[in-house]
Every structure is written in structure tokens, then in C-alpha cells.
Amino acid sequence: MRQNISPKHRKALASKIGKALNEDIRILSKEMQEILVDDLVTALFSRLDVLTHVKDDQARRGLTIQCSNETLEMVHGHPRQS
Numbered sequence: 001m002r003q004n005i006s007p008k009h010r011k012a013l014a015s016k017i018g019k020a021l022n023e024d025i026r027i028l029s030k031e032m033q034e035i036l037v038d039d040l041v042t043a044l045f046s047r048l049d050v051l052t053h054v055k056d057d058q059a060r061r062g063l064t065i066q067c068s069n070e071t072l073e074m075v076h077g078h079p080r081q082s
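Residues in the sequence shown are numbered consecutively from 1, following the numbering used here.
One should not assume that every hint holds.
What the hints assert, rightly or not - Okay, derived cross-link-like pairs now, SDA-like style, lysine to any residue, Cα gap no bigger than 25 Å in a straight line: (1) Lys19 with Ile5; (2) Lys8 with Asn22; (3) Lys11 with Leu28; (4) Lys55 with Leu36; (5) Lys16 with Gln58; (6) Lys30 with Gly18; (7) Lys8 with Met32.
To be verified - Derived DEER-like restraints, expressed as beta-carbon distance ranges: (8) Lys11 with Arg61: 29 to 39 Å; (9) Asp57 with Ile27: 35 to 45 Å; (10) Ala12 with Asp49: 15 to 25 Å; (11) Lys16 with Asp56: 20 to 30 Å; (12) Ala59 with Leu28: 33 to 43 Å; (13) Arg60 with Ile5: 16 to 26 Å; (14) Lys55 with Ile27: 31 to 41 Å; (15) Gln58 with His9: 19 to 29 Å; (16) Val54 with Ser15: 45 to 55 Å; (17) Ala12 with Lys55: 23 to 33 Å; (18) Lys19 with Leu48: 16 to 26 Å; (19) Thr52 with Ala20: 20 to 30 Å; (20) Arg60 with Asp24: 14 to 24 Å.
Everything labelled a hint here was simulated from the structure, so no lab data went into it. None of these values were measured; they are calculated from a predicted model. Glycine included, C-beta positions come from ideal geometry on N, C-alpha and C.
Using the sequences and the accompanying hints, generate a full structural model.
Here it is, written out as C-alpha cells:
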């Protein structure tokens, strides 16, 4: 996980996530809500780190992700124009 996340930034993000999920998590105790929100913040930053490393690796190697028209047709349900 990134080491440069300030406690203030983490707390602000946890507050935003808690507010966004308020209706969905209100059945949990306050302590369980706090644990869940903290876990979600941790998961978010972990995922961002992974994606940042992937992006950096791709850029370093000059890689791009390419999809064939057949793949795009399977994903979108219709042929895509190039």
C-alpha cells in the first residue's frame, strides 16, 4: 500500500464512503460500520496501487491493450467500427 496517505486524507475518504453507504450499512453496529468503511478504504488504495504498477509496467514496456473486433462484438453485443 502507498505509504504517503495522510491520516487526514484517509479519514476524509472514509467519511465520504460512510456517507455514500449510510443507508446500506445502517443495519450494522457503529463499530462494524467503521470496520467495513476502513476495509473499503484499504481495498481502494490497494487496488489503485496495483493498477498504477500495471500502468507503469505497460508504459515502461511500451505495451498497449488491443482487442479484436470479435472480442469487442462479444463485449458490446454488436460489431464496433474501427
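Go through the numbered hints given earlier and state which of them the structure violates, listing their numbers in rising order. 4, 5, 16, 20
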